[in-house]
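Protein chains in written order, with our numbering: chain G, 632 to 1128; chain P, 25 to 344; chain X, 11 to 328.
Please note: incorrect hints may appear among the correct ones.
Residues from chain G shown here face chain P by an in silico Cβ test under 8 Å; the list is partial [claimed, not checked]:
hint: 1; residue: Ile699
hint: 2; residue: Ser703
hint: 3; residue: Gly705
hint: 4; residue: Ser720
hint: 5; residue: Leu722
hint: 6; residue: Ala723
hint: 7; residue: Asn724
hint: 8; residue: Glu729
hint: 9; residue: Leu733
hint: 10; residue: Gly734
hint: 11; residue: Arg735
hint: 12; residue: Val738
hint: 13; residue: Gly742
hint: 14; residue: Thr743
Note that these hints are calculated values from the structure, not bench results.
Yeah, the Cβ is synthetic: ideal placement off N, Cα and C, and Gly gets one too.
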Amino acid sequence: MVNLIEMSNISKSFGGNLAVDRVSLELLPGSVHALMGENGAGKSTLMKILAGVHQPDRGSIRKDGLEIAFASPGEALESGISTVFQELSLLANLTIAENMFLGREPVTRFGTVDYRRMNAETRNALGELGLTLDPETLVSELSIAERQFVEIAHGIKADASIFILDEPTAALNAADVEVLNRHIRRLRDEGKAVVYISHRMDEIFAICDAVTVLKDGKLIGTRPLSEMTPASLIAMMVGRELQDLFPPREKAAGDEILSVENFRIDTASKAFSLHVSKGEIVALAGLEGQGQQKFLRALVGQFQPFGGTVTIKGKGLSLPVGQEGGIRQLQAAGVGFVPEDRKEEGLFLGLPVEHNIAIGLHARARELSVAKGHRNTVADVMASMNVKADGPSAIVGSLSGGNQQKVLLGRYLAADMDILLIEEPTRGVDIGAKSEIYGLLRDFANKGGAVLVLSRETIELIGLCDRIYVIHDNTVVSEMPAASATEHDILDAALSA
Amino acid sequence: MSRSIRRLMTGSQSRQGMWMLPLVLAVIICVFLAVRTEQFANPENLLNLVAQAMPLVITAIGQMFVVVVGGLDLSVGSLISFTTAILALDGPGYVLIPAVFILAALVGATNGFVVTRLNVHPIIATLAMQYIILGITRILRPVSGGTVPDVVIWAVSETFLGVPMPVYWGLFVILVAWKLLHGSRFGLHLFAIGGGIASGVQDAARNFGVADKRTVVLAYVCSSCFAALAGVFLAGRIVSGDPNVGLLFELDAITAVAIGGTQLSGGIGSLQGTVIGAAVLALLSNGMNLTNVSPFIQTAIKGSLLLLVVGLQSRKKMGL
Amino acid sequence: MAAALNNAVVQRVTRIPPAYFVFAILMIILWIARPHMLNANILGIFIRQVAPLGVLVLGQLLVMRVKSIDLSGGGVILLVNYFISSGLFPGASVAFFVALALATGTLIGLFNGVMVAKRRVSAVIVTLAVSIILVGFVQFLSSGKPPGDVPSVFNDIYNTKLGPVPTPVIFWVFLTAIMALFLSKTVFGRYVTSVGENAEAAHFAGVPVERTVILAHMIAGFIAAIAALVQTASIAVGSVRVGLDLPILAVAATILGGVVFGRGEGGVWGPFFGVLSFALLFVVMTTFGIDEPGKLIAQGLIILLAAIFYGVRTARSN
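Please work from the sequences and hints to get the whole structure.
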C-alpha cells in the first residue's frame, strides 16, 4: 500500500532547544495512528509541522510520494491535512458557523459571505455529532466541552484525507468520547489517515491500529498496537523501569499544614475538603479541566471561588484571595506557587539565572531598600539542584527545558517556602531532569515541606506522590494512597462519580 | 431592566459591541439641544452639522478597520493635513485627486508592513509616521494657503438633485465601509484576527488559514485611504491647504470609535456604532459651539471624554 | 549573510544602543563641517539647551522600562510654567513653586499610573489625553495668550556655571547618575526589570506589578515637573506653547538609547547619549539650513528606524 504521508528525518528547534530530532513517521490510508509520548516529547511540534504551523529545520515530507512543504496552515489544509489542535483555538467572537468555515467561507453572487449556506452546513455537521447547537451562537457562549466538539466538527468536516487529532478528548466525558470514536472509525473506513494523540490508554487501544512513541524529541519506535500491552507501551514511553524514576517514599507524615474545608469552586459545585501535612506530597488527579487548576489558582487569588475556609499553618486565609496581592500574601505565609507555563508565567527568559532565582527573595523586600546580591544563595541553589548553566549570569532562555524548570523551582526553594503548590512539575522536561526534579521535591518534603501538585501525567502523580485526591466536576470525588493506585483506578473514580 | 434590553445596551454576547447605548446618548443630546437652543433644530444648522461631522465620520470609520484588528493608527491626523496640502498644489484635479489616494495607500501599506513584517508596535509605528508626514506637510505648505481644484469644492458644497453633496458622501462612505466590514470575507477575517489578538492568541486566525498579515496590511491601507477621503472633503470645505487642519484628528477618531462600542483590544465593534460615536462627538462640538463654550475648554472636554470612554473599556494586559 | 548576523561580534554590536553610534557620527560630521563649533563654550550652550529634555528622558525611560509610556510631559510643563508665570501666586517663594510643581507632577503621574496599571487603559491614550486636557485647561485660563513673566531668580540660577560647565548640565548629569544608581541598586530596580521582561512572570514571582507601574509613573511625573522647572527657568517667560514637543522627543531619545518597547531592557546612559545626539542633531541640521519640518521628519524617522531595528532583532532571536 502507498503511504499517504511520509515524514522523514524531521528536525525542529526553538531557540537552543531541539524539540524534534530526526523523527520519521509514515501514515497509511485507512488507519488510525497513535502518537504517544510524555508532555514535551515533541508530539505537538511534529504535528504542527505536518499542519503547516511550523516549518521544519531539516527533513522532508512527502504526500502520495510527492515532496511537499507548507508555509502556512492554510496551505496544509488545501492539500488535505486537517487538524484539531490541543489548545482551544476557536475564535470566541465569531459564531460556530463562522469558525467552521473561517478561511474558506463560501460567498454569494454579490461577494458577501454566504451565511445561509454556512449555517445550514454547520447545522448538519453538528447534527452528525449529535449536537443541537444553533450555528449562529457565538463561541464565547459555549461550554468547554461544546467548544471541543465544535473544534472536532471543524476538523473532521473539512474535505481532507489526513486528520490530526491532538488530545481531542481532554475535556470530554465517556459518552462524548464514544461519539467521537464512532466518527474516527468512519473516517478510517473511508480510507482516510488519522493521527490520534491522547494520554488515555484505553482510548488508544480501542481505536488505534499502530503507535509511534516519541521521547525527548526523538523517535523511539513504531509498532502495530496488536503487539503491545498498556504496560509495554508505558515502558516504551518512559524509557526505563518506572520504579527507578521516582524516589522512595518516606513513611510518616507530620502535622497538618494546609487544610481546606467546605471549599466550593463555583455556585453549582459540591463542597469538598482536603488537607496536606508536613513531609507529604499530595496529588490532584483527574481528567483535564475538572477544577484542579481552578482550585490551586483560587488559593493564590488567580481565580475567584464561591466559598470555603482555608487554614495555613493554623492561620485562616480569608477568601477570596486578592488577585493582585494574592501571590505575595501567600508567599509571606510561606506558600510558593509554581505556575504551569514556564515560558509565559514562570521565568524571565531574557534575564540571567541569578535574577530568576533571586527575584523570589527580592519580592519580600521593600521597594526602596537596597537590593542584596544573594550571590551565595543563588550559587547554593544552582549547585544543590545541579543546574547546568554557564554560571549565574547565563540567560535562562538559553538553558534546556529541564534546567529552566529547575531554575523555576529553585526560586521557591531559595525563598524558603514551607508549602509548594505546583502545576505540571515536569512539563517539557527530559527524563533525566524529571528524575532529578522528583528527587528534589521528595527532599523538600523530607525536610518538613509540603507539596500539593497537579499534572496531566497520571503516571507521574502515582509515582511521585503519597496521596491522591481525584477531582471531577469541580469537587473531590475520591482519595487514595498513591502507592497502590493505578491509572485505571483514578479514571474509574473520576468517571463513576 | 430586562435581560434582552441589557444585552442590547451593553453589547454583551454580540460581536457588534454596545452601539445602542451611544444611540440613546445621541438622541438625548439632540433633544437637549433642540430644547435649549433655538438654532439647533433649524435645517441650516442640521446640514452644517452633517458637513461638519463628515470628516470625523469618515476618519473614524477608517480608524475602525485598524482598531478591529487590535491596532491603532495615529498617523491619520497628519495624513488629513497632508492631503489638503497636496490638493492645494497648483495642479489639475484629475492628477491631484488620484495622487492623494495613491500616496495614502502607500502610507497605509508602509504602516502595515512595519507592523506585520518588521514587528513594530502599531502605536509606535504610526506615531513615528505621524511626525514624518507632518514634517513633509509643513515643507509643502508651511502655513495655510493655496486653492484646491474646483471639482473638490463643487463635490462638497453644491447640491445634486436638490440634496446637498455631504449627504451623498455620507451614504457612499457608509455603503463602502459596510461592504468591506460586514459584507465580505475581508471583514470577517478582520474580526477573526482581532478576536484572536484580544484573547491573547496572536496567530489564532492564521491557524484557520486566514492570510492574517496581508489582511492587517489592508486594514492600515483602508484607514489611510479613508483619512485621505476625509482630507479631500475638508479641503473642499476650507478651499485651501492647511498643515494644521488635521491636528489631533486621530484622537477624535479614536474617541468616536470607542464611544461606538468598538473594543480597542480588537474583535468587537460595528459600523453603525462608529457612525453613531462620531455623531455623538459632532453633536457635542456643535452644542458647545452653540452654547459658546471656549474652544480651549472644548479641547479639554474632548480629552476627558477620550479618557472616560477608553477608561471604561478594561483590558487584560497593561501596556501601550 | 545569515552566518554573519549570527556572529558573536555582530550580535554584541547590535546590543549597543544606537545612540552611541549616532552621537559619534554627528560629532564627526560637525568636526568636518564646522570645526570651530567644537569648543567647550559653544557645546556647553547647546547641551544646556537640551537639559530639560535630558531630565524628562529619565522619567520616560523608567516608564518605558515597565512597558508603558508617558506623553503627558508637555501638559505638565505647560501647567508648571503657568503656575509660575501667571501671577496666580503673587510673591510666592521659589521653594513654594518647586514644591507646587513637584506635587502637581507627582499627582498627574499617580493618575496616569492608576489608569494604566489598575484600569489597564492604553498608556499612549491616557497620557496623550491628560496632556490635551492640561493644555486646553492652561490655554483657557490664559485665554490662549502667554501669561506673564517668570521671577528672575529662575533664570539667574539657570545661567550660572560651575567652572566651564553650565549648572543645568551638571544638574542633569547628577540626576542621571542618581537614576542609574536607583535602578541598579534598589529592589525597585529589580522589580522594574522583572515587569519589563515579563509582567505575567513577575506577578507569579511575587513582584507587585501594579504598584511598580504606578510608582514608575509617579516618579516620571515627578521628573517631568523637574524638567518643567528647568524649562521654565531657561525661557524665563510664560508661554502657552513651551515644551509641547518634548515628550515625543523624549520617546525618540529613549528608544535611540536602547530602551526597547515591550522588552524592558536598556540602561540610563544610552538615553543620556540619545539626548546628546539630539543636541548635536539640531546643531548639525541648523548649520545645514534644515529647519522645523526637517526636524519633525528626523524625529519620526529616528523613532521608526530604531523601533524597526529592535523589532527585527526580536523577531530573529525568537
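Outcome of the hint check:
{"no.": "1", "hint": "Ile699", "verdict": "violated, 16 Å"}
{"no.": "2", "hint": "Ser703", "verdict": "holds, 6 Å"}
{"no.": "3", "hint": "Gly705", "verdict": "holds, 3 Å"}
{"no.": "4", "hint": "Ser720", "verdict": "holds, 6 Å"}
{"no.": "5", "hint": "Leu722", "verdict": "holds, 4 Å"}
{"no.": "6", "hint": "Ala723", "verdict": "holds, 6 Å"}
{"no.": "7", "hint": "Asn724", "verdict": "holds, 4 Å"}
{"no.": "8", "hint": "Glu729", "verdict": "holds, 6 Å"}
{"no.": "9", "hint": "Leu733", "verdict": "holds, 4 Å"}
{"no.": "10", "hint": "Gly734", "verdict": "holds, 3 Å"}
{"no.": "11", "hint": "Arg735", "verdict": "holds, 7 Å"}
{"no.": "12", "hint": "Val738", "verdict": "holds, 6 Å"}
{"no.": "13", "hint": "Gly742", "verdict": "holds, 6 Å"}
{"no.": "14", "hint": "Thr743", "verdict": "holds, 4 Å"}
Of the numbered hints listed earlier, the single one contradicted by the structure is hint 1.
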